[in-house]
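Participant: All chains, full assembly: derive it from the sequences and hints.
Going line by line, the protein sequences match chains A and B. Using the UniProt record's numbering, read the first sequence as starting at 1 and increasing by one per residue. Using the UniProt record's numbering, read the second sequence as starting at 1 and increasing by one per residue.
FYI, nobody ran anything at the bench for these hints, they're computed from the structure. The C-beta atom is built at its ideal place from N, Cα and C for all residues, glycine as well. Don't take every hint at face value.
Claimed, not checked - With the Cβ distance kept under 10 Å, some of the chain A side facing chain B (calculated, not the full set): (1) Asp107; (2) Leu115; (3) Ser118; (4) Phe137.
Claimed, not checked - Derived CB-CB ranges, DEER-like: (5) A:Asp320 <-> B:Ser226: 48 to 56 Å; (6) A:Ile323 <-> B:Asp281: 56 to 64 Å; (7) B:Glu275 <-> A:Gly208: 38 to 46 Å; (8) B:Lys287 <-> A:Thr119: 45 to 53 Å; (9) B:Ser166 <-> A:Asp320: 46 to 54 Å; (10) B:Asn114 <-> A:Asp320: 17 to 25 Å; (11) B:Ser226 <-> A:Asn90: 54 to 62 Å; (12) A:Ile323 <-> B:Ser166: 52 to 60 Å; (13) B:Val283 <-> A:Asp33: 49 to 57 Å.
Unchecked claim - Covered stretches of chain B, going by a simulated chain A footprint (3 or more residues, C-beta under 8 Å): (14) 98–107; (15) 112–125; (16) 138–146.
2 protein chains.
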Amino acid sequence: MDGKNSNTNNADDPYSYTQNSEYQKELVDTAKDMVNKLIHEKLDIEDSSVNFPNTFRIADLGCSVGLNTFFAVQNIIEAIELKFKSKQQNPQIPEFHVFFNDLTSNDFNTLFRNLPPSTSRGYFAAGVPGSFHGRLFPDVSLHFVHCSSSLHWLSRVPEEVTNRDSIAWNKGRIHYTGPEKEVREAYSVQFRKDMEVFLTARALELVGGGLMVLIVSGVQDGVLPSETSIGMGFDVLGSCLEDMAKMGRVSQEKVDSFNLPFYYSSPKELKALIETNGYFDIVKLEKMATPMRHEIPNLQICTMHLRAIIRGLIEEHFGDEIIEELFDRHIKKLANSTFIFSKESRKEANFLVFLKRKVTD
Amino acid sequence: MDGKNSNTNNADDPYSYTQNSEYQKELVDTAKDMVNKLIHEKLDIEDSSVNFPNTFRIADLGCSVGLNTFFAVQNIIEAIELKFKSKQQNPQIPEFHVFFNDLTSNDFNTLFRNLPPSTSRGYFAAGVPGSFHGRLFPDVSLHFVHCSSSLHWLSRVPEEVTNRDSIAWNKGRIHYTGPEKEVREAYSVQFRKDMEVFLTARALELVGGGLMVLIVSGVQDGVLPSETSIGMGFDVLGSCLEDMAKMGRVSQEKVDSFNLPFYYSSPKELKALIETNGYFDIVKLEKMATPMRHEIPNLQICTMHLRAIIRGLIEEHFGDEIIEELFDRHIKKLANSTFIFSKESRKEANFLVFLKRKVTD
Numbered sequence: 001m002d003g004k005n006s007n008t009n010n011a012d013d014p015y016s017y018t019q020n021s022e023y024q025k026e027l028v029d030t031a032k033d034m035v036n037k038l039i040h041e042k043l044d045i046e047d048s049s050v051n052f053p054n055t056f057r058i059a060d061l062g063c064s065v066g067l068n069t070f071f072a073v074q075n076i077i078e079a080i081e082l083k084f085k086s087k088q089q090n091p092q093i094p095e096f097h098v099f100f101n102d103l104t105s106n107d108f109n110t111l112f113r114n115l116p117p118s119t120s121r122g123y124f125a126a127g128v129p130g131s132f133h134g135r136l137f138p139d140v141s142l143h144f145v146h147c148s149s150s151l152h153w154l155s156r157v158p159e160e161v162t163n164r165d166s167i168a169w170n171k172g173r174i175h176y177t178g179p180e181k182e183v184r185e186a187y188s189v190q191f192r193k194d195m196e197v198f199l200t201a202r203a204l205e206l207v208g209g210g211l212m213v214l215i216v217s218g219v220q221d222g223v224l225p226s227e228t229s230i231g232m233g234f235d236v237l238g239s240c241l242e243d244m245a246k247m248g249r250v251s252q253e254k255v256d257s258f259n260l261p262f263y264y265s266s267p268k269e270l271k272a273l274i275e276t277n278g279y280f281d282i283v284k285l286e287k288m289a290t291p292m293r294h295e296i297p298n299l300q301i302c303t304m305h306l307r308a309i310i311r312g313l314i315e316e317h318f319g320d321e322i323i324e325e326l327f328d329r330h331i332k333k334l335a336n337s338t339f340i341f342s343k344e345s346r347k348e349a350n351f352l353v354f355l356k357r358k359v360t361d
Numbered sequence: 001m002d003g004k005n006s007n008t009n010n011a012d013d014p015y016s017y018t019q020n021s022e023y024q025k026e027l028v029d030t031a032k033d034m035v036n037k038l039i040h041e042k043l044d045i046e047d048s049s050v051n052f053p054n055t056f057r058i059a060d061l062g063c064s065v066g067l068n069t070f071f072a073v074q075n076i077i078e079a080i081e082l083k084f085k086s087k088q089q090n091p092q093i094p095e096f097h098v099f100f101n102d103l104t105s106n107d108f109n110t111l112f113r114n115l116p117p118s119t120s121r122g123y124f125a126a127g128v129p130g131s132f133h134g135r136l137f138p139d140v141s142l143h144f145v146h147c148s149s150s151l152h153w154l155s156r157v158p159e160e161v162t163n164r165d166s167i168a169w170n171k172g173r174i175h176y177t178g179p180e181k182e183v184r185e186a187y188s189v190q191f192r193k194d195m196e197v198f199l200t201a202r203a204l205e206l207v208g209g210g211l212m213v214l215i216v217s218g219v220q221d222g223v224l225p226s227e228t229s230i231g232m233g234f235d236v237l238g239s240c241l242e243d244m245a246k247m248g249r250v251s252q253e254k255v256d257s258f259n260l261p262f263y264y265s266s267p268k269e270l271k272a273l274i275e276t277n278g279y280f281d282i283v284k285l286e287k288m289a290t291p292m293r294h295e296i297p298n299l300q301i302c303t304m305h306l307r308a309i310i311r312g313l314i315e316e317h318f319g320d321e322i323i324e325e326l327f328d329r330h331i332k333k334l335a336n337s338t339f340i341f342s343k344e345s346r347k348e349a350n351f352l353v354f355l356k357r358k359v360t361d
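Facilitator: See below:
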């Protein structure tokens, strides 16, 4: 879902998501071995006639325009095929029907053009427009759900944080990186609501015994967003907007009413939400190796990456005329804030969550 | 599929398919009562547990960008619901999953934006990119297929007609409107191959007892394309291209290598192809009332309609710089060829073909 609103149809555009998603690709690669292992251990193909019939349906939620979604799906299919081959003497490998989902504003034309050719990809493909914070598929129709680097997108910015009359008003910032507990809490409540809706929708759509892999962008337990490089980066962006408001380049009111719809949850919080929801067994919930950790952060790349992800949000709120100036300012300010990229600040984390739909009678 | 290649993302564009598809809309409306009646008579919901389980899957093939596809699908769903309500005491109405298919070059972004809101449409929606001259769905996964005003699109222009060394070379024309039998035969052979592929693919995808409605643009038995206003219109367009070649506005070679990938079949031919294929029972094959018959043809509208349909083909072959001049010339020539629109010339016809997948053991 990252960059879903980037409104760039051109995958060659240096600012496009396609050109700025190596981080997400590395996450998918990192998850691969664990996902394969868990599919091997946890996919019940014995009662295949009931829950896993001739067609095996896989959904990738928040797929963006490719290519990461195709790698992820390919990995999953290979692991499932392997499982069938290892468990059955005359393996009846099912046909695969893969559903690529993202918001209606996603560029599905580019996604479809990027699809591997039908002759070689080994699955039937479909695109599904709509929010995963709601139902997307019929009851009991999916066997596997994958959702990578997307669940930190909230369905909306919590109302209170842009309301001047609320104690949770987030004045002067665009994310919950300030000291006010109320702002953090408003974001946290929104995430809780969204996750409950997400998990319940998927629970109804998955067959009993169906599997779900979530790769969730979050933070370690006890880490505040203000302590992470991503939170600090948002603060720098927020201060650029404040500067532009002071200079009259953009209205103060517009800046005040802008907040980012992202929430970075902790493993403790995720675990509690999944258990409260109650439809899934947690097979695995663990921190993943951080992508690109070994690399010395490059300011240019960091800004391009951020731009690819949030450009759509900025355009929607401010119009597209401020984009160039805003990100020019951002990269200049970042250059004076190199502590953001110190090892100590890089406290964002990604979690692999492997769930199995409980079988109900 | 009409206008699928029009490459216009803007449904407000006066030249877009959306603004030029009243004819197709009227066809869908005309078919409505008959389709409802046949669904009532022919849909076997008694063995619903086997062939019609909780999810009822419908595909519209050659859907373009809406809105006609949504009308068609809505009609079908209402008829199916009615059938369930009339036959069951406590009707277990299934959930509907609707697949909108067109070529990868179709503007799915516009299609998805045009979709009725998920809260009110009463079905789950997905887009499927790819040619219906091949497999699009897993085995035995569809219950109903609809395909309107699309089957006259061939998968390709028959090779011989643009080959100077072939006796079927279609020199000086862009369609099989000339006296040469060989050209007509080459088109007819291509249609036969395409229909066989189409019918076999759908037969594998549909459940036993599954239904298929085709609205086919064709001609009455014994009518030559040169006798129809559509064929004459193509001839006028071809002569405009020849004029432009003579004036050096476009290369003669380009014009010689351009032919339209359309075939207008007759009911006799359709019946024979379906019977040879063998997978379907023909429930109904009948001529439909011709849309807009009562209206006095408007040259401007006729040209805009043609332009919406074939613009993509022209652009792909000649580039987009000739579009304006070509259609300007077309409308001027048409003004001198009003006999094209005489009642006697309007011999094109549309056929409603209602098929039922044979149940095999």
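Participant: With reference to the structure, classify each hint as holding or not holding.
Facilitator: Verification of the supplied hints:
1. Taken as an interface hint, aspartate 107 (chain A) checks out: its beta carbon lies about 6 Å from the nearest beta carbon of chain B, inside 10 Å.
2. Because the beta carbon of leucine 115 (chain A) sits about 7 Å from the nearest beta carbon in chain B, less than 10 Å, this interface hint is met.
3. For serine 118 (chain A), the interface hint holds, the least distance from its beta-carbon to any beta-carbon of chain B being 6 Å, beneath 10 Å.
4. Given hint, phenylalanine 137 (chain A) at the interface with chain B, holds; its Cβ is 6 Å from that chain's nearest Cβ, closer than 10 Å.
5. For aspartate 320 (chain A) and serine 226 (chain B), the hinted distance range of 48 to 56 Å is satisfied, since their beta carbons lie about 52 Å from each other.
6. As the Cβ distance of isoleucine 323 (chain A) to aspartate 281 (chain B) is approximately 59 Å, the hint placing it in 56 to 64 Å holds.
7. The hint said 38 to 46 Å for the Cβ distance between glutamate 275 (chain B) and glycine 208 (chain A), and at roughly 44 Å that hint holds.
8. Roughly 38 Å separates the CB atoms of lysine 287 (chain B) and threonine 119 (chain A), a value that falls outside the hinted 45 to 53 Å.
9. For the hinted restraint 46 to 54 Å between serine 166 (chain B) and aspartate 320 (chain A), the CB-CB distance of approximately 53 Å keeps it satisfied.
10. Separation of asparagine 114 (chain B) from aspartate 320 (chain A) is about 24 Å and conforms to the stated range, judged on CB atoms against 17 to 25 Å.
11. Between serine 226 (chain B) and asparagine 90 (chain A) the CB atoms are about 58 Å apart, so this pair conforms to the stated range of 54 to 62 Å.
12. Separated by about 55 Å at the C-beta atoms, isoleucine 323 (chain A) and serine 166 (chain B) satisfy the suggested range of 52 to 60 Å.
13. Judged by the Cβ atoms, the range 49 to 57 Å given for valine 283 (chain B) and aspartate 33 (chain A) holds: they are separated by roughly 53 Å.
14. Look at the stretch 98–107 of chain B against chain A: 3 of its residues bring a Cβ nearer than 8 Å to a Cβ of that chain, three or more, so the hint holds.
15. Under a criterion of three residues with beta carbons nearer than 8 Å to beta carbons of chain A, the stated coverage of the stretch 112–125 of chain B is upheld, 6 such residues being counted.
16. Requiring three or more residues with a Cβ within less than 8 Å of a Cβ of chain A, the coverage given for the stretch 138–146 of chain B holds, as 4 such residues are present.
Of the hints listed earlier, the one the structure fails to meet is number 8.
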